[in-house]
Amino acid sequence: MKAPALEVARLVAARDLRLAFRKPSQLLQPLMFFMIVATLFPLTLTPEMSRLRDAAPGVLWVGALLSSLLALEFLFRDDAQDGTLEQFALSGQSLTWMLFAKTCVHWLLTGLPLALSAPIAAVGLGVPAGAMWSVVASLALGGFALSLIGAISAGLTLGARRGGVLLSLLTLPLAVPILIYGADATHRAIVGMEIAPPMYLLGAITVLGVTLAPLAAAAAVRIGLE
Amino acid sequence: MSEFFSMSGYGIYLWPAFALGIGVVVLNLVMALSSLSTARKDARRRLEINP
Amino acid sequence: MLSVAGLHLWRGERHVLRGVSFSAVPGECVLLTGKNGAGKTTLLRAIAGLLDPEEGQVQWRGASARSTRDEFHSELAYLGHEPPLKGDLTGRENLRFSIGIRRAVSAADIDAALTRTGAREFADRAVRTLSAGQRRRVALAGVLLSGALLWLLDEPTTNLDADGQQLVATLIEEQLGRAGIVVAAVHHPLTLAGGKLTQLELGAR
Amino acid sequence: MATWTWFHRLASPPHVYGFARRWTPWIGGAAAVCMVVALYGGLVLAPEDYQQKDAFRMVYVHAPAAWLSLMIYTTMAVAAAVGLIWRMKVAHAAAAACAPVGAWFTVAALGTGMLWGKPMWGAYWVWDPRLTAELVLLFLYLGYMGLRAGIEDPNKADKASAMLAVVGVINVPIIKYSVEWWNSLHQTPTVMKMGKPSMDTAMLWPLLLMFVAFALYFAAVLLIRLRAELLRRERNASWVREVVT
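Chain order of the listed sequences is A, B, C and D.
Residues in the first sequence are numbered consecutively from 1, following the numbering used here.
Residues in the second sequence are numbered consecutively from 1001, following the numbering used here.
Residues in the third sequence are numbered consecutively from 2001, following the numbering used here.
Residues in the fourth sequence are numbered consecutively from 3001, following the numbering used here.
With the rest of the complex left out, here is chain A (with noise of 0.2 angstroms):
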């Protein structure tokens, strides 16, 4: 009678989907402000691309970070305000399941599109065009790590007032390895050293993140929703 677990994931993800869709602004947001981020350096460092191209990669990982976590905020925001994540929580299903689906749905329409118009960004940056597939592929895996971990923290301020700049303070910590990783991948590419070390290291945080945290999340959501 129950609904089989591949199904509930379509559901949700086709919910999401289409919710996101119906208000594509939200969409863009993030893109923007990761646009708007990286520009500000060259006028803030240096025109000259040299030096652009060394501050790089902390460029494109902190905007990729700092945008990510602007959306997390409403992963779970708006589903707790209009009672319909109290029905995943009652739903009799694994909520460590949906909430995993909602996470990847937020990585598609957030890290993905992010780590696929970084090339935009990186060539402003001086990143040789030959790197920017490594670019993207880093930006990506980091990205979906981000998620991952960004949910336990959007779960946790669930409870909270204003969880915003909350939510940016107990997910950066976290999020040191994937910044560093991440970030030395993507310098990698830049001066065309083998990717492989860094995205092996990211790889294996992405697969403990998608092992650990959607049972964190569920956790902490069901303490949020108290």
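Check the hints yourself; a few may be wrong.
[Said to hold, decoys possible] Ranges between beta-carbon positions, derived for each pair:
1) C:Ala2107 with A:Leu40: 49 to 55 angstroms
2) C:Gln2165 with D:Leu3010: 49 to 55 angstroms
3) A:Thr44 with C:Asn2036: 52 to 58 angstroms
4) C:Gly2203 with A:Arg10: 41 to 47 angstroms
5) D:Glu3180 with B:Glu1003: 37 to 43 angstroms
6) A:Leu40 with D:Ser3012: 54 to 60 angstroms
[Unchecked claim] Some chain A residues judged to face chain C by a derived CB distance under 7 angstroms, without partners named:
7) Met1
8) Val8
9) Leu11
10) Leu19
11) Arg22
12) Gly83
[Stated by the list, open to error] With a straight-line Cα cutoff of 25 angstroms, these simulated SDA-like cross-link-like pairs (lysine to any residue) come out:
13) D:Lys3176 with A:Pro197
14) B:Lys1041 with C:Ala2169
15) D:Lys3156 with A:Pro197
16) D:Lys3156 with C:His2187
17) C:Lys2035 with C:Arg2061
Honestly, the hints are just simulated from the structure, not real lab data.
All C-beta atoms, glycine included, are put in the ideal place defined by N, C-alpha and C.
Here the structure of chain A is known, so what remains is to put chains B, C and D in place on it, guided by the hints.
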């Protein structure tokens, strides 16, 4: 005695470091005791409100 | 079937639930009454498992509701103050999702339930364009569709016009007829034709 | 049977309160004695380090503070996990008691690390992997206390911050490893390994004694703060009356 305080020239770093360390030790003791006394005061007030 | 034993719960400083105990058998409706802040909503949320009581236990089919949570939830329909609907989706889309994650449901079932609660004509408009009463009717269709044995309703008649309130009464009667159980928080007592009706006054000092 | 009653008694606030009140003075006293003796041993008795001369004596305050900052975070996470799994209010109270002390000792570790770094490396702040990891640990503490302050309902605050502490403690080793890895990438030539200078016994026993002193000190402060947290969480229970009036 002053030779002891100079700490072969590193005194200007060493003594502030120890001052900071002992300072944090003392500060946390004081904060803990004050948190206990406010908690006792609140508990006493709560007891009066609804015995 | 449903038994609540010695439930104690604090909300911040206030001792809201002071050892609440009651039980309900199939075909029984328990009406929770009491002034605002007496703990009606808190009790419903504690029964549903959204709130963990500090003392006492909720039992469903003889087992603790907490330990058999998923089975318990698959037999439970909880309708809180706010109808749980996404504003940007239509009533039909909302139901297809909220019931779909519980069990397979066909468009015809959804249509029938919407008709039953008089929500069919506005079922294809975005929920945010509906009035509070209309939203309540869509949510009631959801409760009907869930096929749950236990209904936990928090002031189900709010924002409903006269025949809306009558609709709620008949839906509850039908649920009791199906050997279901209903626990409803109400402001003014509901008159029910059939079924066993008990009342639980909360917050009496 | 004995172990179960011990665990059961650990869970009852009045019993823990009584234990804390009785033992705090003794543990505090022992900590003070150890600290004084260790200070004397470290500052006066221990010979100079051939390389760093007397500057190495800063190890006697920096190392215990850094060690304590991490030990407190782990203790907090264990208490949080016990609180979540067995739903024990005492455990949540202990976790709440740990946080501010841990944060302050992280600050102390950073401060003393910088003061030691100036003579050794020529600058107050150098992105040494240990100092960097300590800084991230401080942000973990601040995040924990920020979350606890952001949620009004004490019960929900306990559970949410406990969850964060558990997630945090899983990340601490990962953060440490990634910072070490990052440091090995950008091996800045100026960074001289601020490793513990090879210590003969005269240098070593004061350090070990200082570790013991700091641990005892933390136990005493924890018990004091625990009593405060228990009173805050206790719902006008009978035992509070005779303890407070």
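To see whether the hints hold, each was checked on the structure:
no. : hint                                         : result
1   : C:Ala2107 with A:Leu40: 49 to 55 angstroms   : holds (51 angstroms)
2   : C:Gln2165 with D:Leu3010: 49 to 55 angstroms : holds (53 angstroms)
3   : A:Thr44 with C:Asn2036: 52 to 58 angstroms   : holds (55 angstroms)
4   : C:Gly2203 with A:Arg10: 41 to 47 angstroms   : holds (45 angstroms)
5   : D:Glu3180 with B:Glu1003: 37 to 43 angstroms : holds (39 angstroms)
6   : A:Leu40 with D:Ser3012: 54 to 60 angstroms   : holds (57 angstroms)
7   : Met1                                         : holds (5 angstroms)
8   : Val8                                         : holds (5 angstroms)
9   : Leu11                                        : holds (5 angstroms)
10  : Leu19                                        : holds (6 angstroms)
11  : Arg22                                        : holds (4 angstroms)
12  : Gly83                                        : holds (4 angstroms)
13  : D:Lys3176 with A:Pro197                      : holds (18 angstroms)
14  : B:Lys1041 with C:Ala2169                     : violated (52 angstroms)
15  : D:Lys3156 with A:Pro197                      : violated (41 angstroms)
16  : D:Lys3156 with C:His2187                     : violated (29 angstroms)
17  : C:Lys2035 with C:Arg2061                     : violated (31 angstroms)
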